Amino acid sequence: MTAIEDQPELDTTPDVGGIGHAIKRQEDDRLIVGQGTYLDDVVLPGMLHMSILRAPMAHAKLISIDASAAEAMDGVVAVVTGELMAQHDLAWMPTLSGDTQAVLVTDKVRFQGQEVAAVIATDPYIAADALEYINVEYEQLPAITTPQQAIEDDAVMIRDEKEGQTDNRVYHWESGDAEATDAAFEAADRIVTLETHYPRSHPSPLETCGAVADVDPVTGQATIYVTSQAPHAHRTLFAMVAGLPEHKIRIISPADLGGGFGNKVPIYPGYVVATAASLLIGKPVKWVESRSDNLISTGFARDYHMKGELAVTDEGKILGLRVNMLSDQGAFFADAQPTKFKAGLFHVVTGSYDYPAAHVVCDGAYTNKAPGGVAYRCSFRITEASFLIERLVHNAAFEVGMDPAEFRLKNFIQPEQFPYTTPTGFVYDSGDYPTALRKAMDHVGYEALREEQRQAREDGRLLGIGVAHFTEAVGAGPSKDYDIAGIKMFDSAELRVHPTGKAVLKVGVKTQGQGHETTFAQIVASELGIPATDVKVVHGDTDNTPYGLGTYASRSTPVGGAATAVVARKLADKARKIAAHLLEAAEGDIELSNGQFNVAGSPDRTVSIQDVSLAAYTDLPEGMEPGLEGVHYYDPPNLTYPYGSYIVVVEVDLDTGEWTVDRMVALDDCGVRINPMIVEGQIHGGLTEGYAMSSMQWITFDEDGNCIGSNYMDYMIPTAWETPKFELLETVVPSPHHPIGAKGVGESPTVGSPAAFVNAVIDAVQHLGVTNIDMPVMPHRVWEAIDAAQSAG
Amino acid sequence: MTDLTTSTAVTVTMTVNGVEHSSELDPRTLLVDHIRTGLGLTGTHIGCDTTSCGVCTVLLDGKPIKACTMFAVMADGAEIMTVEGLKQNGELHPVQAAFKEKHGLQCGYCTPAMMLVGAALLEENDDPGDDEVRWAISGNLCRCTGYMNIVESIQEAGAQMRAGSNGVEADDMELQDEQTDADRPKEATMQEVAE
Chain A
210 MTAIEDQPEL
220 DTTPDVGGIG
230 HAIKRQEDDR
240 LIVGQGTYLD
250 DVVLPGMLHM
260 SILRAPMAHA
270 KLISIDASAA
280 EAMDGVVAVV
290 TGELMAQHDL
300 AWMPTLSGDT
310 QAVLVTDKVR
320 FQGQEVAAVI
330 ATDPYIAADA
340 LEYINVEYEQ
350 LPAITTPQQA
360 IEDDAVMIRD
370 EKEGQTDNRV
380 YHWESGDAEA
390 TDAAFEAADR
400 IVTLETHYPR
410 SHPSPLETCG
420 AVADVDPVTG
430 QATIYVTSQA
440 PHAHRTLFAM
450 VAGLPEHKIR
460 IISPADLGGG
470 FGNKVPIYPG
480 YVVATAASLL
490 IGKPVKWVES
500 RSDNLISTGF
510 ARDYHMKGEL
520 AVTDEGKILG
530 LRVNMLSDQG
540 AFFADAQPTK
550 FKAGLFHVVT
560 GSYDYPAAHV
570 VCDGAYTNKA
580 PGGVAYRCSF
590 RITEASFLIE
600 RLVHNAAFEV
610 GMDPAEFRLK
620 NFIQPEQFPY
630 TTPTGFVYDS
640 GDYPTALRKA
650 MDHVGYEALR
660 EEQRQAREDG
670 RLLGIGVAHF
680 TEAVGAGPSK
690 DYDIAGIKMF
700 DSAELRVHPT
710 GKAVLKVGVK
720 TQGQGHETTF
730 AQIVASELGI
740 PATDVKVVHG
750 DTDNTPYGLG
760 TYASRSTPVG
770 GAATAVVARK
780 LADKARKIAA
790 HLLEAAEGDI
800 ELSNGQFNVA
810 GSPDRTVSIQ
820 DVSLAAYTDL
830 PEGMEPGLEG
840 VHYYDPPNLT
850 YPYGSYIVVV
860 EVDLDTGEWT
870 VDRMVALDDC
880 GVRINPMIVE
890 GQIHGGLTEG
900 YAMSSMQWIT
910 FDEDGNCIGS
920 NYMDYMIPTA
930 WETPKFELLE
940 TVVPSPHHPI
950 GAKGVGESPT
960 VGSPAAFVNA
970 VIDAVQHLGV
980 TNIDMPVMPH
990 RVWEAIDAAQ
1000 SAG
Chain B
157 MTDLTTSTAV
167 TVTMTVNGVE
177 HSSELDPRTL
187 LVDHIRTGLG
197 LTGTHIGCDT
207 TSCGVCTVLL
217 DGKPIKACTM
227 FAVMADGAEI
237 MTVEGLKQNG
247 ELHPVQAAFK
257 EKHGLQCGYC
267 TPAMMLVGAA
277 LLEENDDPGD
287 DEVRWAISGN
297 LCRCTGYMNI
307 VESIQEAGAQ
317 MRAGSNGVEA
327 DDMELQDEQT
337 DADRPKEATM
347 QEVAE
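First to last, the sequence lines map onto chains A and B.
Residues 210 to 1002 in my numbering are what the first sequence lists, from first letter to last.
Residues 157 to 351 in my numbering are what the second sequence lists, from first letter to last.
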């Protein structure tokens, strides 16, 4: 199934609003009147407030904590220290990667901002005040701030408490065929090399993380409201951490989360301490992070030092790829990470191109930084991989003297080659890359732009045209390969249709603003003909939804959406039997379309889905179980592979290094689009975050490990003023193995666009001798790169 | 025993969404906390505590201000409008309707503030250009939408207001138009707001 299709013909009317209709979002009705429910809006009777004391330095022995002055303050109920947590065997917790992480420091501080103690008070202001009255004595140790330092032979061990750990290495991972890759490099005319750092970034959703823990002192029932992208997995981990029986833990991720982007996947010490405090005190305890807490201590992303080498012929044919990586994991390996892929889903590193050999070696190192490795709007490590190959391909084209678009077209995996097995052994499901790139080129007026670029150079202007064509792997995943802390990555949907034909759909995935309440209702609408507005979607409550692994890695539509389609089809099968009974026809003759059950060839003999729903409770065939409901756990046969062709046009100021975006054209193929309006909104957002990382957004540290960027005045996020306008295009090549042909889209633009932006800047200055500028491509870096190239040249 | 909280409570009176509230407050209470916790109006959010992200924006005497870095006592005697006050007489404000229509929101966390800034802008200029809208909302961060649809939403609301289809009295509309026509430094006004 590789032919480009238009969005498949709509099989529902606008009033039903199934797949393909850009219907307005149901969730907006509450959000536009200020009636959303976010974590901080949860208020329980008798609730106490928690504030966390954080370490002021990156590496230090903990000598002593004296909390007596804080404990004596009016309004302070308790001060929780690591020692107290240790008494309850809660000082350490497992991470999603199978590492351990300190909940509160007991032995030594391992990153600036690490959780040292917590105050529980009657008022959040008092809780914050009391932090100042906790006296902590530290013995400062030298900080290790880069992974290169960390793996030196004489480096001090950061994780000296960890059994079996002898150095600062976290993992070593290899993929591909080293021998075949060596042979490809020997046969090559040229070897193109790129060394670059994909900088540490922070997802920084506008709502910070938080929890309201409510442990009933009598029953032991723990109800934990928590900003969670994966409530079911969190419940299981909570049971493991705290030793609470899992059936007595209810995780409620509030109806509305103020963004997630990967930041709300991990379990943070604050969640655990708040729960422990509620358990000890017997009252609900609320903890909401400040922005600084969020920026310095929670889920960083990226931080990969990458070296890529591409073996190419003088004719511009790629023969092989070699990659060496060193990732900075911070003090605890806390990625949400399938255990079978220690460096993450680095398997799209070969990109969208057809060549036989690749070999990837990746090492991870502990440093004195906050635990890193959340994927941040990409699947595991795909954005790093995609950036590397697309930057390499750009440079390779330049070195062999080809246009970078032409170079890509020459090397693309061709439509007839799908399903395509990559040199690292993964199977791309479907695609038509040449059509995508050509369509983007036509739209932007590529040939004319290149001519304009030549003219501009003659006039002393620096115009750059950046191309990127990415393939992403989303929808984790087939449970044979993908897990979180060992829990297999299926997802689920439970559908109940009520007698009057209205339905409740409960899903294991959790929205953070992506519009699940609308999108998932549209899948039901397409399958059963029940209007999308008649379907309520429930999510985020482990007591009221089937087990699922949550929302990240763009897996909601590929996995949760598939589960929804399949469970709806189960109901349709039963509904067909009931319709046959009502119409006194053979089941095989019943057709369902747009909510109407017809006898084939007799359009007059019809009953509606609403008639059938009522009959499911009132007028059933002999012996049939009443009701119209079901559940499905969907384990996808493969990942899905959305892709896109992005073209960015920039102008660089030679004197200042500033660059401005003139055009940004993004063609995305995410398979079938359920709600085109929502898909486009997701793309806008992802492109903005890609632009942010390319141009300004990064978290830096000084040599002592102090985090530079603990607030929005130092951690730069683009405003409306800087953000470029985007021109969106699409092709639709459905996923052949997904029930509705959808692939997932939310992360594609973040994965694909950084290379497009950076390639554009490089393209503008490459003729001056500049071959690389690391992200974020700040004006001073551009200026310095030009200056260095000109001095050298 | 150290008690930092001992302070003389003060009485603060403000009109919020047309309703006057007198409250006994610790003088250090931030306006945003008073609105959210004291008055229970949770549509106003907290995002950064440093005036940078703008999700706590409310209108104070018609001007957008950031409620996370202002004490409630400083708003004594003021007229405050929060997102809960946008809807009038059961009718959505045009900016609310437009945000839904033009997909101007995703997670919704920045949305109340964006709509209030948009409404304030449209009070001054109901036909703003792209740059005018972008400048007006440049003190408000969004992580989901990429801003394009927010800009469109505010412009769409302006179009609806110009067409008079917002439940606003026709006389009021004319008055707004006259004000808009005045030769005023639009960007400077919004810059003051951003600062």
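Just so you know, these hints were derived from the structure itself, not from any lab.
Computed from a prediction, not measured in an experiment: that's the story for all the values here.
Note that beta-carbon positions come from the ideal geometry of N, C-alpha and C, so glycine has one too.
Errors might be hidden in some of the hints.
[Said to hold, decoys possible] Restraint-style ranges between C-beta atoms, simulated for each label pair: (1) Asp286(B) / Leu863(A): 23 to 31 Å; (2) Asp283(B) / Leu219(A): 31 to 39 Å; (3) Gly246(B) / Glu656(A): 51 to 59 Å; (4) Leu219(A) / Ala315(B): 48 to 56 Å; (5) Glu348(A) / Thr225(B): 34 to 42 Å; (6) Gly320(B) / Ser688(A): 52 to 60 Å; (7) Asp286(B) / Met833(A): 42 to 50 Å; (8) Asp923(A) / Asp286(B): 26 to 34 Å; (9) Pro426(A) / Gly320(B): 23 to 31 Å; (10) Asp286(B) / His456(A): 39 to 47 Å; (11) Asp286(B) / Gly610(A): 23 to 31 Å; (12) Pro183(B) / Asp983(A): 45 to 53 Å; (13) Gln244(B) / Gly695(A): 52 to 60 Å; (14) Glu247(B) / Glu867(A): 39 to 47 Å.
[What the hints assert, rightly or not] Sample of chain A residues lacking proximity to chain B, with all beta carbon distances greater than 12 Å (derived): (15) Lys317; (16) Thr445; (17) Thr928.
[Unchecked claim] Which residues of chain B face chain A? A partial, calculated answer using Cβ under 8 Å: (18) Leu195; (19) Met237; (20) Glu240; (21) Gln244; (22) Asn245; (23) Glu257; (24) Pro268; (25) Leu297.
Each hint, compared with the structure:
no.: 1; hint: Asp286(B) / Leu863(A): 23 to 31 Å; result: holds (28 Å)
no.: 2; hint: Asp283(B) / Leu219(A): 31 to 39 Å; result: holds (36 Å)
no.: 3; hint: Gly246(B) / Glu656(A): 51 to 59 Å; result: holds (56 Å)
no.: 4; hint: Leu219(A) / Ala315(B): 48 to 56 Å; result: violated (29 Å)
no.: 5; hint: Glu348(A) / Thr225(B): 34 to 42 Å; result: holds (37 Å)
no.: 6; hint: Gly320(B) / Ser688(A): 52 to 60 Å; result: holds (58 Å)
no.: 7; hint: Asp286(B) / Met833(A): 42 to 50 Å; result: violated (60 Å)
no.: 8; hint: Asp923(A) / Asp286(B): 26 to 34 Å; result: holds (29 Å)
no.: 9; hint: Pro426(A) / Gly320(B): 23 to 31 Å; result: violated (59 Å)
no.: 10; hint: Asp286(B) / His456(A): 39 to 47 Å; result: violated (54 Å)
no.: 11; hint: Asp286(B) / Gly610(A): 23 to 31 Å; result: violated (40 Å)
no.: 12; hint: Pro183(B) / Asp983(A): 45 to 53 Å; result: holds (48 Å)
no.: 13; hint: Gln244(B) / Gly695(A): 52 to 60 Å; result: holds (54 Å)
no.: 14; hint: Glu247(B) / Glu867(A): 39 to 47 Å; result: holds (46 Å)
no.: 15; hint: Lys317; result: holds (29 Å)
no.: 16; hint: Thr445; result: holds (26 Å)
no.: 17; hint: Thr928; result: violated (4 Å)
no.: 18; hint: Leu195; result: violated (12 Å)
no.: 19; hint: Met237; result: violated (11 Å)
no.: 20; hint: Glu240; result: holds (5 Å)
no.: 21; hint: Gln244; result: violated (12 Å)
no.: 22; hint: Asn245; result: violated (14 Å)
no.: 23; hint: Glu257; result: holds (7 Å)
no.: 24; hint: Pro268; result: holds (5 Å)
no.: 25; hint: Leu297; result: holds (5 Å)
Going through the hint list in order, the structure does not satisfy hints 4, 7, 9, 10, 11, 17, 18, 19, 21 and 22.
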